[in-house]
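Student: We have chain X already, so just place chain Y on it with the hints.
Protein chains in written order, with my numbering: chain X, 145 to 362; chain Y, 260 to 436.
Note that these hints are calculated values from the structure, not bench results.
Hints may be right or wrong, so weigh each one.
If you anchor each label on the Cβ, the simulated ranges turn out as follows [said to hold, decoys possible]:
(1) X/Q308 / Y/R326: 39 to 49 angstroms
(2) Y/L435 / X/A224: 51 to 61 angstroms
(3) X/N281 / Y/Q269: 45 to 55 angstroms
These numbers come from a predicted model, not from an experiment.
Note that CB positions come from ideal geometry on N, CA and C, so glycine has one too.
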Amino acid sequence: MSDLFENLRRYASSLGEVDDLVTHRATARALATQPVPHRWRSRLAPVAAAVALSVVGNAALVMTADSAVPGDLLYSIDRAGEEIADWLGSEADHRTERLVEAYELAALGDQEGALALAREALSGVFEETNLPVVVSNEKDTGLLLELAKDVVTAAHTGDSDAVQEAAHRLRDQAQVIADQSKPDNPGNQDNTPADTRPGGDGDSNNNSSGNGDKDKDK
Amino acid sequence: MASQWPPTPQQVGEGAAGDRQVMSDILTLGYPKVVAFYRGLGLAYHEAQDLAGDVAVSVVEGLSRIRQPAAFEAWFWSVARNHFKAFLRRRRRVAFEPVTPESMRPDEVLMTAGEHGQIAAAFGLLSPKDRQLLWLREVEELSHDQIADITQQTAGATRVAIHRARQRLSDLYQQLE
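One chain only, chain X, in its complex shape:
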């Protein structure tokens, strides 16, 4: 009988293997709903009620827009909602969300858009301008996104050594891909000096939305 339940525990353990990125995203979304501490809540209650009444019509729209990716009609609403949440003090994990969107865009075949979002996800953690602007195939994009995911995951842990190590791997791979693409596509030379790209400072997450729009337009 004890073997039976030991088997059950091992089976249960296997069912609980969840990708770190998925866990981070769920955690970040839940934390974004964290209530304001009581002492502020009582003072802000009348204001909050008025604001809630005025925005309730838009709330459903913003929630619907949350799953939008660049190119969707609702994407700008999604980004605006995030900026408002930032302004209100939310610490939602936009880094993870950008990366998830990057995966979705890559799956839709938009390699350039995916890399632009990965650059946003890495903003402030990694010198994102080291990422190539264009890659020649989906496989390279997928590889870069996986390595970018490692950097973001390490950043979540707060382990600076792990961040540096993951960033080192990403930088090396980006360089390899950039080198490979040079002889075949000289036109990429124009895109290579990434420091000329708008918004390449990467100092703040709050700058990231502007960069992304510019990248998309580009």
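Tutor: Here is chain Y on its own, set in the frame of chain X:
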């Protein structure tokens, strides 16, 4: 830092008071547990993830109202169980089906066919009530009293129900040998 599960009453108190780091740690450890629980109850992988996300939101919203931090674990699983019941109501699903290969990721199918195939099949044939009871007792190792709080039954009735569920799982497991 809540690097253990279940979190201590002090950590629960800190999370309830608005400590985002502690809350984040609680969710990071709790989320995969709820995903596994829902997978064990027969939900597809994406359904389990979505529903566990709803549980995480409820935990964040409700933790500040918890009266007894020491009872966090029973409260946490009550939240998970209530979300599951609501999910079933929404889907108008009255009968459970065993976890089937169609609802699994490919790597899970391979794994289930091998090492865990027999226990997965036997567990999947149990009633939903039995599965919940055994999961909480044998996997999460909750006490009979905690499970009684979650299921809102008496401790004695819970003890008997768990004993019978164990026996049924054992019988099914042997039949599949």
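Student: Of the hints stated earlier, which fail here?
Tutor: The structure conflicts with no hint, since it agrees with every one listed earlier.
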